[in-house]
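Residue numbers for the sequence shown, in numbering that gives the first Met the number 0: 0 to 61.
No lab work stands behind these hints, which were simulated from the structure alone. Treat each hint with caution, since some may be false.
Lysine-lysine pairs mimicking PhoX-like chemistry, simulated, CA-CA at most 20 Å apart [stated by the list, open to error]:
#1 K56 x K39
#2 K39 x K21
#3 K39 x K55
#4 K60 x K48
#5 K11 x K27
#6 K44 x K27
#7 K44 x K56
#8 K15 x K39
#9 K44 x K55
#10 K15 x K4
#11 K48 x K27
#12 K39 x K52
#13 K21 x K11
#14 K44 x K54
#15 K27 x K39
Only a predicted model underlies this, so the values are computations on that prediction, with no experimental measurement involved.
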Amino acid sequence: MIETKDEITQIKALQKEIEHLKNLFLKKDMDQLVDDSYLKVAAQKLGYKSDLKLKKKLNIKT
Numbered sequence: 000m001i002e003t004k005d006e007i008t009q010i011k012a013l014q015k016e017i018e019h020l021k022n023l024f025l026k027k028d029m030d031q032l033v034d035d036s037y038l039k040v041a042a043q044k045l046g047y048k049s050d051l052k053l054k055k056k057l058n059i060k061t
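Make the full structure from the sequences, and use the hints.
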């Protein structure tokens with residue numbers, strides 16, 4: 000397989016973009032975990048039996 004310099008440059012750019020997108024997905028997942036954890040703690044502190052009831056009360060869609 001013969002690749003030109005332009006093709007190699009394009010492959011490297013695409014690899015960087017893939018890595019960046021992977022990191023964005025990981026950050027999004029981590030942010031969601033943190034939000035869910037805060038909601039569970041808030042529900043407990045406010046006396047709700049589950050975070051689902053608090054979500055319903057606050058009209059939070061999952």
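Taking the earlier hints as the rules, which of them does this structure contradict?
2, 5, 6, 8, 11
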